[in-house]
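Protein chains: 2
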Amino acid sequence: MFAARNVVRRLPQRSIRRWAHTQPTFNPVTEQDIARFQQILPASSILSTLAPISTPVAELSNFNNDWMNKYHGKSTTVLRPCTTKEVSEIVRWCNERGIAIVPQGGNTGLVGGGVPIKDELILSLGNMTKIRSFDPVSGIIVADSGCILEALSEYLAPHNYIMPLDLGAKGSCQIGGNVSTNAGGLRLLRYGSLHGSVLGLEVVLPDGTVLDQLTTLRKDNTGYDIKQLFIGAEGTLGIITGVSILAAPAPQASSNVMLALPKYENVLPLFREVKRQLSEILSAFEFIDRRAYELAVKHGQGRALNDEDVEGAECFVLVETSGGKREHDEEVRLKRFRLLCNILTRTQKLNGLLESLMEADEPLINTGVLSQSPAQFSQLWAIREGITEAVSKEGKAYKYDISIPVASFKEAVDKTREQLRSKGLLRDDAVKHVVGYGHVGDGNLHLNVVAAAYTPEIEAALEPFVYELVASYKGSISAEHGIGVMKTHALPYTKNPTSIEIMKRIKALFDPKGIMNPGKVLE
Amino acid sequence: MFAARNVVRRLPQRSIRRWAHTQPTFNPVTEQDIARFQQILPASSILSTLAPISTPVAELSNFNNDWMNKYHGKSTTVLRPCTTKEVSEIVRWCNERGIAIVPQGGNTGLVGGGVPIKDELILSLGNMTKIRSFDPVSGIIVADSGCILEALSEYLAPHNYIMPLDLGAKGSCQIGGNVSTNAGGLRLLRYGSLHGSVLGLEVVLPDGTVLDQLTTLRKDNTGYDIKQLFIGAEGTLGIITGVSILAAPAPQASSNVMLALPKYENVLPLFREVKRQLSEILSAFEFIDRRAYELAVKHGQGRALNDEDVEGAECFVLVETSGGKREHDEEVRLKRFRLLCNILTRTQKLNGLLESLMEADEPLINTGVLSQSPAQFSQLWAIREGITEAVSKEGKAYKYDISIPVASFKEAVDKTREQLRSKGLLRDDAVKHVVGYGHVGDGNLHLNVVAAAYTPEIEAALEPFVYELVASYKGSISAEHGIGVMKTHALPYTKNPTSIEIMKRIKALFDPKGIMNPGKVLE
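Residue numbers (the UniProt record's numbering), protein chains in the order written: chain A, 1 to 523; chain B, 1 to 523.
Honestly, the hints are just simulated from the structure, not real lab data.
Note that the structure is a prediction, hence the values are computed from the model and not measured.
A hint or two may mislead.
When chains are identical, the list treats them as one kind, so a pair holds in a single copy or across two.
Derived pair list, reagent style DSS-like, types lysine-lysine, alpha-carbon separation capped at 27 angstroms [unchecked claim]:
no. : residue 1 : residue 2
1   : K118      : K74
2   : K70       : K130
3   : K219      : K423
4   : K474      : K130
5   : K219      : K504
6   : K219      : K415
7   : K513      : K393
8   : K513      : K130
9   : K474      : K219
10  : K432      : K85
11  : K474      : K85
12  : K70       : K219
13  : K263      : K513
14  : K396      : K298
15  : K219      : K410
16  : K474      : K298
So here's chain A without its partners, still in its complex pose (with noise of 0.2 angstroms):
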């Protein structure tokens, strides 16, 4: 739901076409719930358009609207309490009136799950600032929901922890935030999910109790683990007001090295042998398929390898290793490469091995760049990451962010380019390209069709034919953007009858009158 580094800066149009209100009616906030709210919380922490607080409404605009002004609310009142108990006692009001409530934290999502989709109270977790405790020893802290994800980092950096996970947006977006929308971001593959580093959770439920379990527990073993259920919930459940969340110790060190590949189908091979041969110290492995790096080239996102190297690659993986000391990084890395790598160069430190690097016999790369410094590990990254800057630079985009076996990536490309041939639309002036990136190591494909322009006969091309390709893989139609309001059509695509009937029956025991972030994940 939040926005990986620079992911989908504009989205198409057409998946605004769902936003009929859906839920029951609820009751607008009055005067008469103001004076309510004026006795649970200071005036500093009140917006509201009515009487007698009458902000401005071009005020509310930034709580009301989603940062790519895709999503518009009209709520009338912003309230941005500063402790749980706060939170209880304005949910608990809510309830008992019938006034439907967004929980917003950094606003950064892409599926519209954080705002209003009519006049919906917001209830503002930005004021929820403090870090409650940090054990140095086990590496667990204790944070309020508030807490921007980047201020998190910056506290345990002297402790030489770091946070299990880091996104493009990350200078905004709140850890609450996070956890209610199950954040993936660049360090899933290394640390896995939150569902695994959330240790507890203290969370106001729709009828303004607090469910308290913020342990700081790595092992628990006494009955049903109930917070898994708001990690990923978007808010539709209750409030999640603080995290304890396990934090990793700090690598020492951070490398990573571009490969050139002859073909697509060595993309698995290789990243099969990395993984054993680099095993802990692997932290990404990132994939690009030969158009993606061009465009990433073409619109200045600078380049890796020279003409020759590129002329012969069907696709490019990008390796990141984390951690022990950077010496030893390498040393290891460039061992292990040897039987992969032909060329691998630009320090002299690497010039005795590179003799070595020519002895594969089956060469599962063409070549190889190694970052030698930090600029030069950041411009690696820059191609991979800028990628869909370019792609919308290139022309109007229809991105889907899917989870599918690694080993369909290639076919789950193809065959979408297959159907846009076959219905006449792989043109210059209809489809551009078909081109495939993510993050391999997570199952994640970014598959995006860039066209001249959105038309109907594209998406009806395209829909519901990727999402029926996802779900002839078993695969997500989501894999970390969240549902929202977006998606929530298509959510039978990858959720079965019985786990969305199931879903719907959580939904009614913990929030029974649907106040809670309605219309959002569950139609």
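Model the placement of chain B on the given structure of chain A, informed by the hints.
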């Protein structure tokens, strides 16, 4: 719920006190039911003392009694389905008929969760042993829930993968039982809990519906993560029939070192330093107090250190590293330990390093012994793993498997000892030792009180004292063994009323008739 290596050979009899069956009455299995089961299953899959099967009672003994011979059921019937469809049909029938079911895996639990309380039907998963798929690229394996953990490990080994969990009971325990009990074990520090590594489940719900969430995706953000509820539910919400789990790349080498610490207070700084320095190659950090070490040596578990080294030590720490190549591990570890160690010997290779090891200004350890061979590696582990056996040879042990903040380990042991002293019970004919050992890395303390005999006085001094102590740290009364039937009465010491209330509602939602493993987890 499962036995970690050598854990709890014998449990105090007092734990049996809460055996009253507090659930509503269920219907016994009748000959009419047997006739129905014969339509669902082949004759070889049915054991029953009822006609026309008429199995001798003795043949049901291994299913009716747990491996410790502590919990005893009186079931007439054991069904051993081979497929999910068979499980589904059995459960549907039992739900209609009001017959209670105990799902049973390898029956290696420690808290009586897998055996009947009365005459519940036993549904054994032992015949469901197919490995459904394995993807060597992603490392994701999908298997029937009855697969033995060790069999899965052996299947993965040639592919250079390992299961993300390991237990002493691995030769008997089943993956479905592991997941149902959220088994911890020996790899948790390194690979995290099953909430992170289990990617999908297939579950037969209490009404017979098959919930298929058996995806093989690392990332799937499409609504509530329902499968998490079954991880650790101990079979009370449904029967796990299939598991999709992320295997870990096999480390290429493991090493360990036994360190002697002059004082207990050094454990935490040492842990922090080791964690910081070894980072991702640290795979275990186990601590053993002086008395526990001596008991292990006394009862024939070998010794790592000479008398002089032991003399000045208040406690010991066993550090294990895994990953990378052996040379690398040792080199890195030794470089990094030079500030920690005064003596680190036994190998010519290391002689050159010994001088630098003496350099520390304020050494955290007195001495250390590094394993130099697989035999020595096992020998060091034997000391740690042998404590339980040694303790049981020394006397009657009151054993507590608790999670508390690492910083409070020493305090918990001290307070317990002080409690016993204040009651006049710390004497040779009452409580002989209060020892602490366990997984520092996981926050899991094994607190053992070794007595001459089980007595009401000692028990009254310990309970609810220890549970209250755990609660005061916001700890867990069961770090890894689960609740089963043994600790249902103690659940409120770890879970607050709101959490227990939600657990009860979740139970009622999935299992309104309460037929699924009644009397377990919730009273």
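To see whether the hints hold, each was checked on the structure:
1. K118 to K74: So K118 and K74 pass the 27 angstroms test inside one copy only (5 angstroms; across, 59 angstroms).
2. K70 to K130: neither (31 angstroms within a copy, 48 angstroms between copies)
3. K219 to K423: neither (54 angstroms within a copy, 31 angstroms between copies)
4. K474 to K130: between (41 angstroms within a copy, 20 angstroms between copies)
5. K219 to K504: Between copies only: 22 angstroms across chains, 30 angstroms inside a chain, cut-off 27 angstroms.
6. K219 to K415: Classified as between: cross-chain Cα gap 22 angstroms, same-chain 45 angstroms, threshold 27 angstroms.
7. K513 to K393: Neither: 45 angstroms inside a chain and 59 angstroms across chains, both beyond 27 angstroms.
8. K513 to K130: Cα proximity of K513 and K130: none, with 31 angstroms in one copy and 44 angstroms across.
9. K474 to K219: Classified as between; 12 angstroms across copies, 31 angstroms inside a copy.
10. K432 to K85: neither (54 angstroms within a copy, 48 angstroms between copies)
11. K474 to K85: Close across copies (20 angstroms), not inside one copy (42 angstroms); limit 27 angstroms.
12. K70 to K219: Between copies only: 25 angstroms across, 42 angstroms inside.
13. K263 to K513: neither (55 angstroms within a copy, 58 angstroms between copies)
14. K396 to K298: For K396 and K298, the Cα distance is within 27 angstroms only inside one copy (16 angstroms; across copies 75 angstroms).
15. K219 to K410: between (40 angstroms within a copy, 18 angstroms between copies)
16. K474 to K298: Result: close neither inside a copy nor across copies, 36 angstroms intra and 56 angstroms inter.
Checked against the numbered hints listed earlier, the structure breaks hints 2, 3, 7, 8, 10, 13, 16; every other hint is satisfied.
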